[in-house]
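Visitor: Which chain is which? The protein sequence lines are A and B, in order.
Residue numbers for the first sequence follow my numbering, so the first one is 31 and each next one is one higher.
Residue numbers for the second sequence follow my numbering, so the first one is 31 and each next one is one higher.
By construction, these hints were calculated from the structure, which means they are not laboratory data.
All figures in this text were calculated on a predicted structure; none of them were measured in a lab.
Certain hints may be false.
[Said to hold, decoys possible] Cross-link-like lysine to aspartate or glutamate pairs, in silico, EDC-like; alpha carbons within 20 Å at most:
(1) LYS37(B) - GLU51(A)
(2) LYS324(A) - GLU343(A)
(3) LYS61(B) - ASP156(B)
(4) LYS181(B) - GLU102(B)
(5) LYS182(A) - GLU96(A)
(6) LYS37(B) - GLU41(A)
(7) LYS37(A) - GLU51(B)
(8) LYS336(B) - ASP340(A)
(9) LYS355(A) - ASP400(A)
(10) LYS336(A) - ASP340(B)
(11) LYS324(B) - ASP345(B)
(12) LYS37(A) - GLU41(B)
(13) LYS389(B) - ASP146(B)
(14) LYS336(B) - GLU245(B)
(15) LYS257(A) - GLU245(A)
(16) LYS324(B) - ASP340(B)
(17) LYS336(B) - GLU245(A)
(18) LYS46(A) - GLU261(A)
(19) LYS336(A) - ASP345(B)
There are 2 protein chains.
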Amino acid sequence: MLNFVFKNQTEILFGKGQMSEITSRLPEQAKVLLLFGGGSIKKNGVYDQAMSALAGVDVIEFGGVEPNPTYETLMQAVTTAKEHDVNFILAVGGGSVIDGAKFVAAAYHFDGEPWDILVKGASFSDPLPIGAVLTLPATGSESNGNSVVTKKATSQKRAFSSPTVQPQFAVLDPEYTYSLPPRQVSNGVVDAFVHVIEQYLTYPVNAPLQDRFAEGILQTLITEGPKALSEPENYDVRANVMWSATMALNGLIGQGVPQDWSTHMIGHELTALYNLDHAQTLAIVLPALMYAQKEQKAEKIQQLGKRVFDINEADTAVQIDKTIKAVQDFFEAMLVKTRLTDYDLDEKAISAVVANLEKNGMTALGEHGDIDLEKAAQILGLAL
Amino acid sequence: MLNFVFKNQTEILFGKGQMSEITSRLPEQAKVLLLFGGGSIKKNGVYDQAMSALAGVDVIEFGGVEPNPTYETLMQAVTTAKEHDVNFILAVGGGSVIDGAKFVAAAYHFDGEPWDILVKGASFSDPLPIGAVLTLPATGSESNGNSVVTKKATSQKRAFSSPTVQPQFAVLDPEYTYSLPPRQVSNGVVDAFVHVIEQYLTYPVNAPLQDRFAEGILQTLITEGPKALSEPENYDVRANVMWSATMALNGLIGQGVPQDWSTHMIGHELTALYNLDHAQTLAIVLPALMYAQKEQKAEKIQQLGKRVFDINEADTAVQIDKTIKAVQDFFEAMLVKTRLTDYDLDEKAISAVVANLEKNGMTALGEHGDIDLEKAAQILGLAL
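I would like the entire structure built from these sequences, with the hints used as guidance.
Guide: See the structure below:
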């Protein structure tokens with residue numbers, strides 16, 4: 031096992047009715063920026079519940095944060111926040127809104143061009159504190175310090191990470207997910223699944239507990255994910271998906287083990303260029319990447335097949351191929367298509383993605399740093 | 031799944047050499063009470079490493095905290111801490127030392143008789159901050175707020191719990207466990223195993239991820255525990271046992287599910303009366319308790335057998351009996367005896383334990399509250 035330092039500071043408020051807990055966790059004389067997305071929270075009652083919990087608190091609203099939140103929109107939110115001198119951000123939404131809140135929090139007191147936080151790793155101080163009310167289980171953003179922001183002007187999707195912008199609390203009420211469109215449910219399950227894979231499917235370092243935890247999340251997503259589509263108002267199913275998505279990327283399972291993240295890095299460019307849903311890009315890239323890296327990942331792919339998919343082939347090559355197929359089949363069962371051509375993309379997309387990877391310095395991806403531009407092109411070729 | 035609120039504030043510093051990180055985490059102008067046990071840390075080099083890391087820091091030593099730390103000794107530590115006006119406690123040892131540190135921290139500013147914290151749930155304020163350097167993986171005390179203290183004068187073993195006394199950081203260096211006596215290794219593995227069981231082996235509430243995590247810890251302890259005895263200087267084995275013991279009782283796996291803890295409550299009285307090791311009492315009580323409660327726990331016992339011990343019997347009764355036997359065999363394989371008579375205790379012990387349970391108000395134990403004094407006597411009878 032590798033050395034690690036781990037702490038997760040987010041207080042999880044899990045279950046029906048937990049919104050009522052948020053007010054006691056705001057600062058004295060709170061002036062809250064309520065950040066949200068396209069307005070679905072106004073239709074499904076979450077907005078009303080939040081405003082009811084915040085009765086008597088000074089609230090400034092900023093709606094319209096997009097999926098794959100843009101720098102351009104978030105900078106408007108920074109302006110609004112400054113105009114009203116807020117001292118807290120309550121992000122109500124999915125990963126995009128929470129990621130956006132982290133960027134707004136970091137940019138609030140930043141001197142200079144906040145885009146530098148994303149592209150130059152510029153340091154920032156005194157970020158606004160954040161709370162999250164999660165409506166879409168997927169990214170784990172509610173209890174980590176990660177944020178991904180896209181600059182529309184240049185089609186650049188970039189990330190930053192800091193424990194100082196991690197939410198202080200996160201309300202996880204499974205009922206808030208009942209009204210999600212099926213496509214978002216599918217995307218969320220696939221996203222969480224791939225988060226686990228990025229921290230698990232590398233090479234063995236004798237860390238059996240981390241493996242068991244990762245496999246446990248995968249198993250839960252495989253049994254509960256399809257039920258979330260077929261039984262949208264099954265509370266326990268929604269709760270299990272929600273808790274799995276949070277645990278998939280709250281830092282725990284990745285401690286002391288190598289990590290990959292190449293599927294995400296390649297996928298980000300597909301989103302930046304063609305506006306594919308984040309999860310769609312992961313579903314395209316991962317099976318092809320597993321195939322291209324099947325030698326480096328042989329041991330863990332076999333273990334994944336055996337423990338998670340109950341595949342027990344004596345022949346190693348068959349075991350590996352069947353496991354890759356099982357992952358792909360799971361994405362398809364979640365109604366997320368797994369080939370570039372399913373999204374009307376062809377070979378032209380490959381060169382465009384590779385050019386973007388080069389521009390963004392993503393030339394040595396994966397746990398061994400051996401996914402160079404040629405390998406990335408090969409992976410995308412396998413995904414046609 | 032049940033509602034829950036969860037946060038774990040302890041920063042885990044895991045791996046070789048992490049002791050060097052502690053100084054940066056002390057308060058300004060730290061005056062540290064270094065709390066430790068019987069002196070093994072002076073023989074195995076941990077004391078020297080701690081003092082070297084603390085070079086230049088004002089340190090007051092208090093050694094001699096016993097296994098099952100006593101109120102009497104800890105009150106002496108409180109006196110020492112007050113005399114020297116310390117502002118931080120560094121607990122270097124196993125669960126007993128860390129539990130003791132929590133009590134000293136709580137008692138430090140307490141007005142009145144600090145025993146009331148344990149027997150009356152008296153509230154306390156402004157506890158001293160604590161850091162932990164773990165030398166014995168077992169109790170999980172390094173990243174939870176629980177403390178168990180025994181009053182020698184009255185043979186009372188009592189607990190209190192508060193997030194305010196949870197360690198701010200915990201150094202988990204697997205090398206510090208190389209020199210542990212085999213009996214302490216055995217006890218630690220059994221203790222951690224039973225911590226998981228207390229949070230897992232109740233009744234299903236459709237919380238599959240919690241189940242998978244619990245099963246993952248049990249599986250890891252079963253494969254790594256015996257190796258910790260046979261290969262005492264195998265770093266990865268020690269690391270895996272250490273991380274498993276921490277995860278077993280840092281609050282995570284018990285969120286949203288019913289919990290039992292009756293094995294611990296009955297076991298505590300055996301320790302208080304006969305000075306048995308904590309883990310010995312658990313190894314005695316658990317198999318008998320599983321047998322006595324096999325109807326209430328039927329579903330989870332079968333699942334435990336299937337998923338953790340690979341027992342797959344068509345007949346439910348056989349499945350259950352074989353699973354209980356497998357748990358008992360695991361304890362015996364860890365060289366911890368499982369019968370009262372193995373410790374020269376007979377029926378007289380049963381009535382004494384039951385009398386103590388009654389005195390301490392432990393008359394409705396277990397996840398259903400159905401373990402009354404009669405049932406407790408029956409369980410202990412099965413363990414003769």
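Visitor: Give me the numbers of the hints this structure contradicts, sorted from smallest to largest.
Guide: 9 and 19
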